[in-house]
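J.: One letter stands for each residue in the lines below.
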Amino acid sequence: MAKSTSSDAQMLVRSLHTAYAATPTNLKIIDLYVVYAIVTAVIQVVYMGIVGSFPFNSFLSGVLSCVGTAVLAVCLRIQVNKENKEFKDLPPERAYADFVLCNLVLHLVVMNFLG
Amino acid sequence: MARNLRHLGFLALICASLSISGAAVIRPINDAHRSAALEIFVPTDGSFGSLEEAYEALRTFQILGVEKSPEISHATCPVVVEKLGSSSFIPKDLFHALRVNSILGCQIDSRTFEDVASKLQAVIKDANSLLDFHYAVGGLLHIKDYGINVALLDTDGTFHSIKALSQSDGRWRYDSNSAESSTYAAGIALETLAGVVSLADKEVDQSKIGIVEHDIVKLFDSIKSYDDDTLYFDEKHIDASEYKGPLTTSASVVRGVTAFAEVASGRLNIPSDKMLGLAKFFLSIGIPGSTKDLFNQIESLSCLENNRVSIPLILSLPSMVFSLTTRDQLKVEVTTVLGSAAPPLTVSLVQAFRSDSKDTPVMENQELQFDSENTIHYLDIIPLKLDVGKYKLMFEISLHDPENINTYATGGHTSVMAFITGSIKIDKAEIGIFDSDPGNSETLQKLDLSRDSTLSLAANHLQKLHLSFHLTTPLGHHFKPHQVFLKLRHETNVEHIFVMESSARQFKIVLDFLGLVEKIYYLSGKYEIELTVGDAAMENSFLQALGHIELDLPEPPEKAARPPPLPVDPYSRFGPKQEIAHIFRSAERRPPKELSLAFLALTFLPFVGFLIGLMRLGVNLKSFPSSAVPAAFSTLFHAGIAAALLLYVLFWLKLDLFTTLKVLGFLGVFLVFVGHRTLSHHASATAKLKSS
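Just so you know, the sequences run in chain order A and B. In terms of full-length UniProt numbering, the first sequence is residues 1 to 115. In terms of full-length UniProt numbering, the second sequence is residues 1 to 692.
What the hints contain is simulated information worked out from the structure, not anything from laboratory work. Cβ coordinates follow ideal geometry from the N, Cα and C atoms, glycine included. One or more of the hints may lead you astray.
[To be verified] Straight-line alpha carbon distances no greater than 30 Å define the calculated DSSO-like cross-link-like pairs of lysine-lysine that follow:
| id | chain 1 | residue 1 | chain 2 | residue 2 |
| --- | --- | --- | --- | --- |
| 1 | B | Lys274 | B | Lys331 |
| 2 | B | Lys688 | A | Lys82 |
| 3 | B | Lys218 | B | Lys202 |
| 4 | B | Lys464 | B | Lys428 |
| 5 | A | Lys88 | B | Lys688 |
| 6 | B | Lys358 | B | Lys331 |
| 7 | B | Lys446 | A | Lys82 |
| 8 | B | Lys385 | B | Lys480 |
| 9 | A | Lys28 | B | Lys218 |
| 10 | B | Lys690 | A | Lys28 |
| 11 | B | Lys622 | A | Lys88 |
| 12 | A | Lys85 | B | Lys622 |
| 13 | A | Lys88 | B | Lys385 |
| 14 | A | Lys28 | B | Lys688 |
| 15 | B | Lys446 | B | Lys392 |
| 16 | A | Lys85 | B | Lys559 |
| 17 | B | Lys690 | A | Lys82 |
| 18 | B | Lys331 | B | Lys428 |
| 19 | A | Lys85 | B | Lys688 |
[Unchecked claim] To give a feel for the contact side, a few chain A residues facing chain B, derived at Cβ under 8 Å:
| id | residue |
| --- | --- |
| 20 | Tyr36 |
| 21 | Phe56 |
| 22 | Ser58 |
| 23 | Ala97 |
| 24 | Cys102 |
| 25 | Leu106 |
| 26 | Met111 |
| 27 | Phe113 |
[Said to hold, decoys possible] Stretch-level coverage of chain B by chain A, calculated; a stretch enters the list once three of its residues show a Cβ under 8 Å from a Cβ in chain A:
| id | segment |
| --- | --- |
| 28 | 35-49 |
| 29 | 120-133 |
| 30 | 505-512 |
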């Protein structure tokens, strides 16, 4: 039973991997960016766990910067994805421009809160 | 206004000081006045402000015989010369300049004097106010001293004009328009009239002089007096804006009357007591504090010193305290007001009264002997058998030469306060503790009150403390001093003072503790005993510690008074206050530096991973536009984003929000424009690719 579970898991991962390979490159870039942002956030949370949350505003701004930019990247991915029927008429450049603008505003706020 | 208030205050101060002392101590002018003059008249760089003030200072120094510094001549003479030489026609300035010049003796040639004289004569011809006459006539008198002929052109007319301003009560008006008359103006007028008479080239009609003498007598009817025989002149109506005060007014009248008496050939009919009263008024002020007051006082006294009416002779005591122990002599001085020698005379002590029996004199008619070396009249008091105490002595002066009686004013009886002090013998002192019931009496201890004792007594609330002693004067009489106090002081510094009564030739006190228990606030414990005996006539007043007494008192009931709180040293509030310990929030624990740096490096790792991932994915720049303009826009777009990120880093490091927002505004507009161009070009490029 365990053997079949592990081989099922292996088959699942392999099929996911194959399916994922079919996604367009630009979406992969965005996914990589999201993973990067989340990992940075996790590292900051671990650091806070170790040393305590003394400059809490700094911690929050750091974490929120990463999480915010990840969220914005996810939104960009949704809008840029050609299989998404909802955003068929939206040109990807427009989505990208929104992404850049929202990031600039987010980071202004983050920098102000960083202290 | 402030100056008049000052005069009013000065008047009030004179009244207050005289009323306190009763008879003010009168001494003739002495070195204290000389040093005061040097302190009060202080020139700034040699000059005194105005010529009037300079004259006041110089005249005071001249009368007192004080050396003036040569700086004053250096600084004041140029001003005098300038005033006399100028073509201005202000008689007041010329008058003050001439007065100052008569003391300083500046180098002025006779041409200038002649010019000034002719100007002043012109002023007299047209003048109609008293002050103009005063300045002009005074100026001409000074010029006459230099040998220049300054005869008045119309003596009778001038005399008549000045006389016309007089009132029936002896006062004068300032000019024909003013309705108010003033005593001060009377003094000025008399001085001016005296000047007119001495400037006249022929004899002035004696009847005119007689009329002015009559006015003087009427003026003297308005003289006022204080309680202690001092006489002064004051204005009838006190007008707040022009009020000059009794000192200035009396000085003016004295100046005028003595000047007029010089030129009147006969004698002025003024009683000598009034001149003496005026002299006493000026001397009773002591040493005034302001320049004008000191000048008025000294100048009036100088006028009285040699006047033709009667010269006041001042009787004064150099010391008011005579000691029986050192066998002092009663010393009396008789001098003129400025301290010069008096003519030969005898002083006799008419009566002496003790202060407590003002009706019966203890002594009568003793003549004082004269010590010609020290010019002092003295009397030995030991043979007089006067006991210690406060005395009122009445003296009388009798002149040797009968012709001097009209020249000098001696006054009738002069009374002075004096103290005779001596050493008081204290003996037969006894102290002891009694029980309440008289049957059981403790023995009294003998006490020596000439030095501190260290008794140790003990009592409870049912007993009494008894203390008695005798006080005897040097002549053997029973002495009642002013202060006889017994003080009990508790260990907590609560004090109780008891006055001892005198009865049957001894001083005795019985402290019945039963009755005093409430007054002592029921405080038991050790009390220090102190005895104080003191009086002004007692040379050996003392405060002796007698020892201590242990009091055993019952417990205070509920409603008993608490002892008063002890007085806090009033200066303790200025001492340092209690130190304040501030409680600060403890600093947060910071992580060690190495850990923070390690995590900083760790944070960059995902970025490295991101870059590696990008390369693995095959990221390329193929879509970058190749033609020039779109390439430029793309470059600018990326540069703009980089600039925005750099701005954020700067914002974190040192900029503030407002600057950042300002720059971001410009940058944002730029980015929007550039980004729109780039992205629209990219979109059109992609559409072209798709369609093709």
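J.: So, for every hint listed, does it hold in this structure?
T.: Against the structure, the hints come out as follows:
1. Distance check on the hinted pair: Lys274/B and Lys331/B sit about 26 Å apart at the alpha-carbon level, within 30 Å; holds.
2. Between Lys688/B and Lys82/A the alpha-carbon distance is near 18 Å, which keeps this suggested pair within the 30 Å criterion.
3. Between Lys218/B and Lys202/B the alpha-carbon distance is near 28 Å, which keeps this suggested pair within the 30 Å criterion.
4. In summary, the hint linking Lys464/B to Lys428/B is supported, as the alpha carbons are separated by about 20 Å, within the 30 Å threshold.
5. For the proposed pair Lys88/A and Lys688/B, the alpha carbon gap of about 18 Å is at most 30 Å, so the pair holds.
6. Using a Cα cut-off of 30 Å, the hinted pair Lys358/B and Lys331/B holds, with the two alpha carbons roughly 23 Å apart.
7. At most 30 Å may separate the alpha-carbon atoms for a hinted pair to count; Lys446/B and Lys82/A exceed this at roughly 130 Å.
8. This hinted pair checks out: Lys385/B and Lys480/B have alpha carbons roughly 18 Å apart, not beyond 30 Å.
9. With a CA separation close to 131 Å, the supplied pair Lys28/A and Lys218/B exceeds the 30 Å bound.
10. In summary, the hint linking Lys690/B to Lys28/A is supported, as the alpha carbons are separated by about 21 Å, within the 30 Å threshold.
11. Between the alpha carbons of Lys622/B and Lys88/A the distance comes to roughly 25 Å, so the proposed pair stays at or under 30 Å and holds.
12. Taking the CA atoms of Lys85/A and Lys622/B, the gap is about 28 Å. The hint holds against a cut of 30 Å.
13. At most 30 Å may separate the alpha-carbon atoms for a hinted pair to count; Lys88/A and Lys385/B exceed this at roughly 141 Å.
14. Note on Lys28/A and Lys688/B: the hinted pairing holds, with a Cα-Cα distance of about 24 Å set against a maximum of 30 Å.
15. About 39 Å separates the Cα atoms of Lys446/B and Lys392/B, which puts this hinted pair outside 30 Å; it is violated.
16. Between Lys85/A and Lys559/B, the direct Cα distance comes to roughly 100 Å. Violation of the 30 Å bound is thereby established for this hinted pair.
17. At most 30 Å may separate the alpha-carbon atoms for a hinted pair to count; Lys690/B and Lys82/A meet this at roughly 14 Å.
18. Taken as a hint, the Lys331/B and Lys428/B pair is broken in the structure, with Cα atoms around 37 Å apart against an allowance of 30 Å.
19. Only pairs whose Cα atoms come within 30 Å are accepted, and Lys85/A paired with Lys688/B is accepted, the gap being roughly 22 Å.
20. Of the supplied interface hints, the one on Tyr36/A holds, with its beta-carbon coming within about 4 Å of a beta-carbon of chain B, less than 8 Å.
21. Proximity of Phe56/A to chain B is violated relative to the hint, the smallest CB-CB distance being about 10 Å (cut-off 8 Å).
22. Among the interface hints, the one on Ser58/A is violated; its C-beta lies about 11 Å from the nearest C-beta in chain B, farther than the 8 Å criterion.
23. Hint status for Ala97/A relative to chain B: holds, with the closest Cβ pair at about 6 Å, below 8 Å.
24. Checking Cys102/A against chain B: minimum C-beta separation of about 13 Å lies over 8 Å; hint violated.
25. Of the supplied interface hints, the one on Leu106/A is violated, with its beta-carbon coming no nearer than about 11 Å to a beta-carbon of chain B, more than 8 Å.
26. With a least beta-carbon distance of about 5 Å to chain B, the hint placing Met111/A at the interface is held under the 8 Å criterion.
27. The restraint placing Phe113/A at the interface with chain B is violated, with a minimum CB-CB distance near 10 Å, outside the 8 Å limit.
28. Under a criterion of three residues with beta carbons nearer than 8 Å to beta carbons of chain A, the stated coverage of the segment 35-49 of chain B fails, only 0 such residues being counted.
29. Counting residues of the segment 120-133 of chain B whose beta carbon lies closer than 8 Å to any beta carbon of chain A gives 0, which falls below the threshold of three, so the coverage claim is violated.
30. For a cut-off of 8 Å, the count of residues in the segment 505-512 of chain B with a CB near a CB of chain A stands at 0, and the three-residue condition is violated.
In terms of the numbered hints stated before, the structure departs from hints 7, 9, 13, 15, 16, 18, 21, 22, 24, 25, 27, 28, 29 and 30, listed from lowest to highest.
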